[in-house]
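Start from the sequences, fold in the hints, and give me the full structure.
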Amino acid sequence: MKQLTILAFLLLSVFTSAIAQTGEPKHKLVMQLNTSDTLIWKGLMNNLKNLKAGWGDSVKVEVVVHGPGVQFMMKDKTTQADKIAQFKKMGIDFVVCENTLRERKVSKDQLLPEAGFVKMGVGEIILKQEAGWSYIKL
Amino acid sequence: MKQLTILAFLLLSVFTSAIAQTGEPKHKLVMQLNTSDTLIWKGLMNNLKNLKAGWGDSVKVEVVVHGPGVQFMMKDKTTQADKIAQFKKMGIDFVVCENTLRERKVSKDQLLPEAGFVKMGVGEIILKQEAGWSYIKL
Amino acid sequence: MKQLTILAFLLLSVFTSAIAQTGEPKHKLVMQLNTSDTLIWKGLMNNLKNLKAGWGDSVKVEVVVHGPGVQFMMKDKTTQADKIAQFKKMGIDFVVCENTLRERKVSKDQLLPEAGFVKMGVGEIILKQEAGWSYIKL
Numbered sequence: 016m017k018q019l020t021i022l023a024f025l026l027l028s029v030f031t032s033a034i035a036q037t038g039e040p041k042h043k044l045v046m047q048l049n050t051s052d053t054l055i056w057k058g059l060m061n062n063l064k065n066l067k068a069g070w071g072d073s074v075k076v077e078v079v080v081h082g083p084g085v086q087f088m089m090k091d092k093t094t095q096a097d098k099i100a101q102f103k104k105m106g107i108d109f110v111v112c113e114n115t116l117r118e119r120k121v122s123k124d125q126l127l128p129e130a131g132f133v134k135m136g137v138g139e140i141i142l143k144q145e146a147g148w149s150y151i152k153l
Numbered sequence: 016m017k018q019l020t021i022l023a024f025l026l027l028s029v030f031t032s033a034i035a036q037t038g039e040p041k042h043k044l045v046m047q048l049n050t051s052d053t054l055i056w057k058g059l060m061n062n063l064k065n066l067k068a069g070w071g072d073s074v075k076v077e078v079v080v081h082g083p084g085v086q087f088m089m090k091d092k093t094t095q096a097d098k099i100a101q102f103k104k105m106g107i108d109f110v111v112c113e114n115t116l117r118e119r120k121v122s123k124d125q126l127l128p129e130a131g132f133v134k135m136g137v138g139e140i141i142l143k144q145e146a147g148w149s150y151i152k153l
Numbered sequence: 016m017k018q019l020t021i022l023a024f025l026l027l028s029v030f031t032s033a034i035a036q037t038g039e040p041k042h043k044l045v046m047q048l049n050t051s052d053t054l055i056w057k058g059l060m061n062n063l064k065n066l067k068a069g070w071g072d073s074v075k076v077e078v079v080v081h082g083p084g085v086q087f088m089m090k091d092k093t094t095q096a097d098k099i100a101q102f103k104k105m106g107i108d109f110v111v112c113e114n115t116l117r118e119r120k121v122s123k124d125q126l127l128p129e130a131g132f133v134k135m136g137v138g139e140i141i142l143k144q145e146a147g148w149s150y151i152k153l
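Protein chains in written order, with the numbering used here: chain X, 16 to 153; chain P, 16 to 153; chain R, 16 to 153.
Hints should not be assumed to be uniformly reliable.
Since the list gives no way to pick out one identical chain from another, each pair is judged satisfied if it fits inside one copy or across any two copies.
[What the hints assert, rightly or not] Straight-line Cα separation of at most 30 Å, DSS-like style, residue types lysine-lysine; simulated pairs:
# : residue 1 : residue 2
1 : K41       : K90
2 : K123      : K104
3 : K98       : K64
4 : K120      : K67
5 : K41       : K92
6 : K98       : K134
7 : K120      : K103
8 : K90       : K64
9 : K104      : K134
Keep in mind that the hints were calculated from the coordinates and are not lab data.
As structure tokens, this is what we get:
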């Protein structure tokens with residue numbers, strides 16, 4: 016009987032763990048932006064608009080910005096400041112790679128106030144995938 | 016004994032679910048095409064040819080077309096109509112994002128007859144990854 | 016009792032399999048390089064440098080080179096020969112798609128000595144994802 020209880024407990028752990036992984040929100044997406052191509056930036060804005068229109072709060076999105084993509088978050092370079100502010104209010108996170116800032120001599124002052132930060136953009140994308148998030152490259 | 020039966024049933028569910036996910040076909044791939052670059056389209060044709068040559072029916076492929084990539088499926092824009100028809104006969108699916116059609120004022124009449132449809136291209140790619148499909152960005 | 020033993024064995028298999036998948040090294044990443052754009056190559060070198068600086072031997076990386084990306088590994092085309100040699104010594108693998116070599120009439124002699132080989136680049140990326148590796152497209 017005791018063994019049965021242990022087995023039941025183990026099974027419960029497996030199921031609980033599975034539930035925790037799907038969790039709330041239902042869908043989790045990490046997007047990678049590493050280009051200064053403003054048409055790609057515009058495409059990203061469309062993707063975010065459609066995702067929120069279609070799935071609302073059931074989708075969590077984090078945009079990881081690194082390499083030449085850093086210009087997307089720079090006050091005097093971006094073409095999407097207003098939309099970034101709107102999407103941030105809707106719960107979408109924009110995180111910038113600190114390695115990129117150092118390599119390109121960009122200070123945090125030069126970035127939009129919506130910017131969050133991660134030590135390493137590529138590492139962040141890996142960690143999110145390991146945590147079960149879907150991945151889309153722009 | 017009853018508890019044992021319940022446990023056995025639960026275990027069976029876990030295994031059945033695992034088998035269903037790996038299932039048949041053995042490999043499942045969602046590819047993302049969001050560019051009007053005809054060299055990338057040509058590369059995709061090569062990838063599909065090699066995948067079918069190497070893995071035959073053990074691989075299931077769905078190509079999700081959105082954004083500027085929609086031209087790949089437009090009768091008067093595509094450079095790959097014949098090959099798309101061939102690959103469709105071999106079981107490869109080409110699905111177009113309906114948000115893209117609306118935003119770009121493209122009607123379904125303008126698309127190749129092989130086109131399938133999804134409400135949201137990015138959402139489809141997420142759903143496939145959640146279902147255990149591999150993902151490749153072109 | 017026999018049934019209990021069988022159940023315990025099955026459970027153990029599930030857990031062992033889960034542990035084997037996370038295994039050592041902690042992080043596993045397959046990167047896809049299919050472009051002849053030398054700025055993207057330079058970005059890859061930065062990514063690899065930062066990954067090894069940040070995570071050391073806890074990250075395993077394989078770069079899959081196919082399509083126009085093959086030039087990255089060609090002695091008389093690459094701009095990154097020295098760094099490729101360095102990263103190879105640090106345990107990063109660079110594998111070239113043999114389908115690409117055949118299609119582009121490139122012989123293995125023309126490649127850097129650090130090149131490894133896979134039958135099909137796209138297939139390799141699928142297999143790695145199926146084995147639980149994270150994926151990043153350059």
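Against the structure, the hints:
1. Proximity of K41 and K90 under a CA criterion of 30 Å is satisfied in neither setting, with 33 Å inside one chain copy and 37 Å between copies.
2. In the homo-oligomer, the alpha carbons of K123 and K104 lie at most 30 Å apart inside one protomer (20 Å), although the nearest pairing across protomers, at 35 Å, exceeds that limit.
3. When the C-alpha separation of K98 and K64 is checked against a cutoff of 30 Å, the pair qualifies only within one copy, where the shortest distance is 9 Å, while the shortest distance between copies is 33 Å.
4. Taking the shortest alpha-carbon separations for K120 and K67, only the inter-copy value of 21 Å comes in at or below 30 Å, while the best intra-copy value is 34 Å.
5. In this assembly of identical chains, the alpha carbons of K41 and K92 never lie at most 30 Å apart, being 34 Å within a copy and 37 Å across copies at closest.
6. For the homomeric pair K98 and K134, the shortest alpha-carbon distances inside one copy (25 Å) and between copies (23 Å) are both at most 30 Å.
7. For the homomeric pair K120 and K103, the shortest alpha-carbon distances inside one copy (25 Å) and between copies (29 Å) are both at most 30 Å.
8. Taking identical chains as interchangeable, the C-alpha atoms of K90 and K64 lie at most 30 Å apart whether they share a chain (21 Å) or sit on different chains (28 Å).
9. Proximity of K104 to K134 under the C-alpha cut-off of 30 Å is found in both arrangements, the shortest distances being 23 Å within a copy and 25 Å between copies.
The structure does not agree with the numbered hints 1, 5 stated previously, though it agrees with the rest.
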